[in-house]
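Under our numbering, the first residue of the sequence shown carries the number 1, and numbering increases by one thereafter.
Among the hints, erroneous ones may be present.
[Unchecked claim] Here are the simulated DSBU-like pairs of lysine-lysine, each with C-alpha atoms no more than 30 Å apart in a straight line:
| hint | residue 1 | residue 2 |
| --- | --- | --- |
| 1 | LYS46 | LYS142 |
| 2 | LYS219 | LYS193 |
| 3 | LYS128 | LYS219 |
| 4 | LYS106 | LYS157 |
| 5 | LYS192 | LYS156 |
FYI, nobody ran anything at the bench for these hints, they're computed from the structure.
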Amino acid sequence: MLQFFAKYKFFGIVLFVLSVIIISIIYSILKPNRVLPVYEPDMVNKELVDSTMQEVRKYHKIPDFSLINQNGEIVTQENYDNKIYVADFFFTTCQTICPIMTGHMKQIQNEVKDDEEVLLLSHSVTPKIDDVARLRQYATDKGVIDKKWNLVTGDKKQIYNLARKAYLVAKTEGDGGPYDMVHTENFVLVDKKNRIRGFYDGTNPEAIEVLLEDIALLKKEK
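Use the sequences and the hints to build the structure in full.
Take a look at the structure:
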């Protein structure tokens, strides 16, 4: 018996390796490719969606906008045409979650700095305080690469409408008035068709790793 196994040992090893390869190929063929969902307002926690948008079930996209970046340049949806981008909401005087979020946005920036398909967009929720000069200093201090990452200010009502009705990240209702305040840790992944493809906790390092994986997955979509 031992002589039999010794005689066919090499054949057995080859057969085992081939079996593993064949099983792996079959598994890769049968395993469905993961596809990121396209988020509609009715799919999102109602606490994060403006009441006028909660029942919208299809065709939701980030609308056109016009804001001003850290260099005093007008930034619109055209700057993000045919781009994948990550959006968030912050303010320069925030001492709680914003420094962590900014650090994570910088991590993403460093990962995609040579990738022309991916950009970043951070909206100030205190636009009266965060004028161009303040954003410019903040961008310099935080190592923002201008061609990759816009920090934008502008009309408060427009920014708050974007948070609540477009990006679906605001936790409270409001009108963008003097006493209204949006404060959210959410990062939003937007595809080349201006559709929301993911939400991530911008203070959580593990969520950032998932976000980076999802960017790579989104790049493979046709």
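Hint by hint, here is what the structure shows:
no.: 1; hint: LYS46 - LYS142; result: violated, 34 Å
no.: 2; hint: LYS219 - LYS193; result: holds, 12 Å
no.: 3; hint: LYS128 - LYS219; result: violated, 36 Å
no.: 4; hint: LYS106 - LYS157; result: holds, 27 Å
no.: 5; hint: LYS192 - LYS156; result: holds, 26 Å
Of the numbered hints listed earlier, those contradicted by the structure are 1, 3.
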